[in-house]
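J.: Letter by letter, the chains look like this.
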Amino acid sequence: MKRLIGWVVGVALLIAVPPLMLALGQPFYVDLVRRIMILAIAAVSLNLILGYGGMVSFGHAAYIGIGAYAVGVLGFYGVFSGWLHFLVAIAASAVVALAIGAVSIRTSGVYFIMITLAFTQMLYYLGISVAEFGGDDGMRLKRRSAFPLLDLNDPVQFYYLVLALMLVAVYLTYRIVNSRFGMVLRATRSNEARSRAIGFSPYPYRLVAFVIAGAMCGLAGALYGNHTNYITPGLMSWQQSGDIMFMVILGGMASTAGPVLGAFVLLLLEDLLSGWTEHWQMILGPLLVLSVIFFRRGLAGIFYKPDA
Amino acid sequence: MLEVRGLTKTFGALRASDGIDLDVREGETHAIIGPNGAGKTTFISQLAGDLRPDAGRIVFAGEDVTRLRAPRRARKGLARSFQITSIYPEFSALTNVALAVQAHAGHSFRCWRDARRDAALLDPARRVLENVGLGGRAGTLAASLSHGEQRQLEVAMALATGPRLLLLDEPMAGMGVEESQRMIAFLSTLKRRHTIVLVEHDMDAVFRLADRISVLVYGRLIATGEPAAIRANPEVRVAYLGED
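Here the protein sequences come in this chain order: A and B. Taking the working numbering, the leading residue of the first sequence gets 1, the next gets one more, and so forth. Taking the working numbering, the leading residue of the second sequence gets 309, the next gets one more, and so forth.
For reference, chain B alone in the conformation it holds in the complex (with noise of 0.2 Å):
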């Protein structure tokens, strides 16, 4: 589905991603995680589009997509979620989610009918709200959504866009313990159906969510596999999981 092969970033003398080789099988779940700094933001960003690599590939779904910009990957069915909440603040929650479907319902050089009375916007809209359990906030403004929701909502707007690949980057950032639970138990519901990358720090939720993981520190990869091969490797205990 995803194959990356030597991706690199550099920021001045930082080296944020350096080499990457990646593999994200179709229907898995694949969790990057890594500490703080270790350029996990700067990978889902150039896997996206919004970042341009220096040097390496990216193909997704046998097509190299490593020049085209986020919306074209976007339309391509490339579909990212941000660390850093980022919706519509003066939009409610349905128009947000509309939003999303009509970027992939054709051009939207339509001048005349009102788009929030659209059925074919909003039926499908209101439908991935009910399954991100925002179905009766529909009608809130985004910016009044609380923070948990608006993480949610940040989830619903990647989905509706029909996505054969979710990058999720810490959909569980800011969010209470009750809170995480239920995105946990959300995101295991799209695991099935959905082939997801997910930077997350909540280990707890790696554990739970992963198929595979890869630990990425200081721009390297320095470790894929299953996640009980993950929690026994010594090489990664030492670099990520605190132990020596």
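Isolated chain A (complex conformation) (with noise of 0.2 Å):
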């Protein structure tokens, strides 16, 4: 109960957002809460894996990047339709996180996160190489996605839409996790060698999770390239794959609010430090820091205990 109240003021806080920014003639706040929201797409994504999954991923990045790739390459060959954009970033998402995954879930620990990283490099220095996309400096958007009764280039409908979508995957999330998919995702992420003596075999389960978070990723990909109108590789880099990571556990792993909790509370600090002082980063870190070592469980975890 006291969840569905902190979603139902957090939810009804979030929609007030634009048309009380714009009467203080703020329109910059909505722009940001916009990435914000999308950003925690990828993080609530990052969480089925990680969270729920205990798959350290650090290259989840790869699948913003090739979500918003997706939008921009059919755009740069003439295709605007928002349909087929946003179908073909989780499709190639989806078939990208399928190869990712089907090697790298055949390692655990230090070799998981290495691999996931260096594919993620692979595709950044493609990114790079890539002169027709624009390579090292990317390229800007011809046109936005087209969508029928609904216009991206207004931020506010834009606004709406990603806040339906961010509500989409949180609750998608929610679903899965607590389904008997989710259970052997979380049973083997607590006890492995338990999981496998009652007769789960763990690899299919997690390959098909980490399916599902890149297709996830891919989509919040899209809204960003959408968001930015500009896309460059920078978006695949390993810090990018870091932030998200770091709104996971900053936010509390393997909870349904934390990611974007995580989020909302990285972002909105380092918007309102970096206004403050150019060496923002000096403050950040370690507030960062203290913030791992006092909350366990992430900021979610002050509010509520994990379910049974």
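Because the hints were derived from the structure by calculation, they are not lab data. Built from N, CA and C at the ideal position, the CB exists for glycine as well. No false leads were slipped in.
Sample of chain A residues facing chain B (criterion: CB under 10 Å; computed from the structure):
no.: 1; residue: ILE176
no.: 2; residue: ARG186
no.: 3; residue: PRO204
no.: 4; residue: VAL208
no.: 5; residue: ALA254
So the derived label-pair ranges between C-beta atoms look like this:
no.: 6; chain 1: B; residue 1: PRO343; chain 2: A; residue 2: ILE302; range: 48 to 58 Å
no.: 7; chain 1: A; residue 1: TRP280; chain 2: B; residue 2: ARG380; range: 52 to 62 Å
no.: 8; chain 1: B; residue 1: PRO397; chain 2: A; residue 2: PRO204; range: 16 to 26 Å
Far from chain A, by Cβ distances over 12 Å, these chain B residues were calculated:
no.: 9; residue: ASP326
no.: 10; residue: THR350
no.: 11; residue: ARG365
no.: 12; residue: ALA369
no.: 13; residue: GLU371
no.: 14; residue: GLU438
no.: 15; residue: SER454
no.: 16; residue: GLY456
no.: 17; residue: GLU457
no.: 18; residue: ALA481
no.: 19; residue: HIS502
no.: 20; residue: HIS509
no.: 21; residue: ASP519
no.: 22; residue: ARG528
no.: 23; residue: ILE530
no.: 24; residue: ALA531
With the hints as a guide, dock the two chains, each given alone in a separate frame, to form the complex.
T.: So this is what it looks like as structure tokens:
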């Protein structure tokens, strides 16, 4: 019940952001919150494999890049259908996640981290090397994804689309992690030997989770490309992967609201501190370290106890 | 039910299993005893599929399972419990057992319905918990159960898979006298209905539960027989029961 109230209040606040900020003459904040929510979708998707599945993927930004490039490349060839953009973004991310996952999930621990990172670095350098799509400099979108009845050039309409998709991603993940499938995933993170002993073969379940997470993050990528209106290989940098991972850890791994909370706190702090001083990372860094030390279960852990 | 031939496993120079031959008959409780370091857990791990033997064959219910990994063997009805408690600490006792039920209820690629309100999993899980005497603790976090209760949960999870053969690795490990007595009483209720391979240190338990006993010393089976015969076996007395 407490959780539900938390969500209702949170969503009400998010719904109120555009009219409030426009009335205050601060349209910048509509953009900022939209960006945060897009990255929150990425964090929610990473939480599925990192928090619930125990798979420390240090290459999740790959799918942001793939999703964004799907929009950019299709537009480059004159295809502007938003449905097609998003479909290709999701499908391409799923296929790449299947390939990366098929190899990396056979490993564990540090090897898993390094392999997922290595794959993403490969994609990053691929992005740099393809001159046609701007190479290192990236490229501007010719046009944003076009939907019937919906105009992504309107910041407010775009904002509400992102909000709706974020809530869908959260709810979908919530259903998945409490289903039989999700229970296999969580149980195996908790005690792999036990899972194997009672008859679960972890590999296929982990792989499917990895693909779902990649596909969901691909959607975030398509939104991000439209958000910035500009696509660069930097979207796939390891710093970006690290940021998403940090949102999950800061907000609370294996919690429904954690990644969203983490995205908001991290990016709002970043915005606040960078407005203050150019050395904002000197302040943000220690703050994050302290928060991880004191809030073991993340920010979400302050509010709720984990369910049994 | 279970046929082991020439099972061998070495770790460096150590022969943890040295050409073990063993037959477990349907319906019997077969105890494996032996001094510390005799290779009992190594043997059980090979039966369960957690360790791959260097040589030898394991035939379970007429099928050669030597090459099958642990999850496949579990789905064929070979369930193990661990000497060192191995449960899901962050889930309730009921969820722990429900997961074991789920592992044997077909594939788990079902992504929508809440598994923890799924009567098809919870009802059998509750019955097993009642059976092992944990009925009143169903909602308790497994991590918060007492050591003895965790040992019971360990056995409950093996049972919930509906096994044809139970491999119990020291189910009484670390239990107090009273808890041990209760566990022995419980295991004796399983005796008739299940085929059991029991590794145990507690001689009292072994002689009360076992139909036959095999003695493992330095990786070799030196004797197999009924409890009375084992007790009288001079080789066993020298090697294990501490007489010369």
